[in-house]
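Peer 1: Here's the letter readout for the chains.
Number of protein chains: 2
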Amino acid sequence: MGRTSDAREKILSAAQSLIELRGYSALGVAEICKAAGVPKGSFYYFFASKEALALAVLDEHWAGQQATWTRILNSAAEPLQRLRRLFEETEAGQLVGQQSCGTVSGCLFGNLTLEMSNQTEAVRARLQEIFDAQVGMVASVIAEALERKEVTVIDTREAARAVVAQLEGQVLFAKLYNNTHRLGPLWANCLALLGARPPREAVAGI
Amino acid sequence: MGRTSDAREKILSAAQSLIELRGYSALGVAEICKAAGVPKGSFYYFFASKEALALAVLDEHWAGQQATWTRILNSAAEPLQRLRRLFEETEAGQLVGQQSCGTVSGCLFGNLTLEMSNQTEAVRARLQEIFDAQVGMVASVIAEALERKEVTVIDTREAARAVVAQLEGQVLFAKLYNNTHRLGPLWANCLALLGARPPREAVAGI
Numbered sequence: 001m002g003r004t005s006d007a008r009e010k011i012l013s014a015a016q017s018l019i020e021l022r023g024y025s026a027l028g029v030a031e032i033c034k035a036a037g038v039p040k041g042s043f044y045y046f047f048a049s050k051e052a053l054a055l056a057v058l059d060e061h062w063a064g065q066q067a068t069w070t071r072i073l074n075s076a077a078e079p080l081q082r083l084r085r086l087f088e089e090t091e092a093g094q095l096v097g098q099q100s101c102g103t104v105s106g107c108l109f110g111n112l113t114l115e116m117s118n119q120t121e122a123v124r125a126r127l128q129e130i131f132d133a134q135v136g137m138v139a140s141v142i143a144e145a146l147e148r149k150e151v152t153v154i155d156t157r158e159a160a161r162a163v164v165a166q167l168e169g170q171v172l173f174a175k176l177y178n179n180t181h182r183l184g185p186l187w188a189n190c191l192a193l194l195g196a197r198p199p200r201e202a203v204a205g206i
Numbered sequence: 001m002g003r004t005s006d007a008r009e010k011i012l013s014a015a016q017s018l019i020e021l022r023g024y025s026a027l028g029v030a031e032i033c034k035a036a037g038v039p040k041g042s043f044y045y046f047f048a049s050k051e052a053l054a055l056a057v058l059d060e061h062w063a064g065q066q067a068t069w070t071r072i073l074n075s076a077a078e079p080l081q082r083l084r085r086l087f088e089e090t091e092a093g094q095l096v097g098q099q100s101c102g103t104v105s106g107c108l109f110g111n112l113t114l115e116m117s118n119q120t121e122a123v124r125a126r127l128q129e130i131f132d133a134q135v136g137m138v139a140s141v142i143a144e145a146l147e148r149k150e151v152t153v154i155d156t157r158e159a160a161r162a163v164v165a166q167l168e169g170q171v172l173f174a175k176l177y178n179n180t181h182r183l184g185p186l187w188a189n190c191l192a193l194l195g196a197r198p199p200r201e202a203v204a205g206i
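Going down the list, the sequences are from chains A and B.
Sequential numbering from 1 applies to the first sequence in the UniProt record's numbering.
Sequential numbering from 1 applies to the second sequence in the UniProt record's numbering.
Chain A with its partners taken away, still in its complex shape:
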């Protein structure tokens, strides 16, 4: 982190925390700058608008998450085990968040999709790119599993959408019930969606 970008990083970090706590619409630039500990003038030096900040928060968050997903989904493990690992790390990540701030914050992308996609087209487009990328990464793993005849899907991309939709839906419940155990059935549900032969313990988990 270079010296010149310290203020920008502080603003981004404060904005992400505040957005996770309270959403985007209710936040003001003054509040973000106060939480970041930077003068309000700095904000408009780095960001043309609050919308520009939202886009930067999305990019920053996706850069981190994309690295995690790439590490997990491109690993040398068997394809379906990589998906299992993705769900386990998602649950662990939400638990860390809950332990640090008291509540499950859910998925920043899902949160901002429901809050903002009908309000700003730039944010909608960026969120579409992010979810397209997520679906593409999951679809590649499903395609590998299909080659190994471990799943029975016909359209790998549609199957990946179902898996990511299930993930978003269960994360929504984990947030609503403030309980990360809601993410426990993701693996068994994923196997069912993919028409995979579930291992014994996964069946018991349904």
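Computed list of lysine-lysine pairs in DSBU-like fashion (alpha-carbon distance at most 30 Å, straight line):
{"id": "1", "chain 1": "B", "residue 1": "K10", "chain 2": "B", "residue 2": "K34"}
{"id": "2", "chain 1": "A", "residue 1": "K34", "chain 2": "B", "residue 2": "K50"}
{"id": "3", "chain 1": "A", "residue 1": "K50", "chain 2": "B", "residue 2": "K34"}
{"id": "4", "chain 1": "B", "residue 1": "K50", "chain 2": "A", "residue 2": "K50"}
{"id": "5", "chain 1": "B", "residue 1": "K50", "chain 2": "B", "residue 2": "K40"}
Calculated Cβ distances over 12 Å to all of chain B for the following chain A residues:
{"id": "6", "residue": "K10"}
{"id": "7", "residue": "V38"}
{"id": "8", "residue": "N74"}
{"id": "9", "residue": "A143"}
If you only want the chain A side, here are some residues facing chain B, beta carbon under 8 Å, derived:
{"id": "10", "residue": "R22"}
{"id": "11", "residue": "G23"}
{"id": "12", "residue": "G110"}
{"id": "13", "residue": "T113"}
{"id": "14", "residue": "L114"}
{"id": "15", "residue": "R124"}
{"id": "16", "residue": "R161"}
{"id": "17", "residue": "E168"}
{"id": "18", "residue": "L193"}
Honestly, the hints are just simulated from the structure, not real lab data.
In this text the structure is predicted, and so the values were computed from the model without any measurement.
Glycine included, each C-beta is placed from N, C-alpha and C at the ideal position.
Fit chain B to the given chain A structure using the hints.
Peer 2: Frame of chain A, contents of chain B only:
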């Protein structure tokens, strides 16, 4: 609608439309009253707070949706066909909304879960009751299908959570991509989640 409750109904209706368009946090009481065409004093006659209004909006919306779900899920049709009908009516309902306001508004309960559940415990509790009721209704249908040996789930309530999570996840995508066709795969995905033998056309839909 009694004369005395006209203003209350107008406020509720305006609030629901505005919340669907722009979320809850960014709304002010003055704006809601202006859209409803009622004096601001009326608001506090009917609602103790903006949070009380949010709860009333949830109750009103759930009353309507619960009636629809009950009609569909308690019908004389075969159990799995009732679930299919639920998905078809959900897609049709989102399409009507899109045609009237230009964008897919998604699920009010999902929207407010992600926006508000970590901010007000009263809203969180009400949304939990609503989703518990949805899951219970779907679980009853799954139990009927299980008795007929049409599905192979072990825990009907967990299976119902998976179905409702898939619904919420795909509605999120329908809103993000402003495209109700995103809801098309719900039926095939539901059959997969329930371990049902899918009809030929459902397989083709995956």
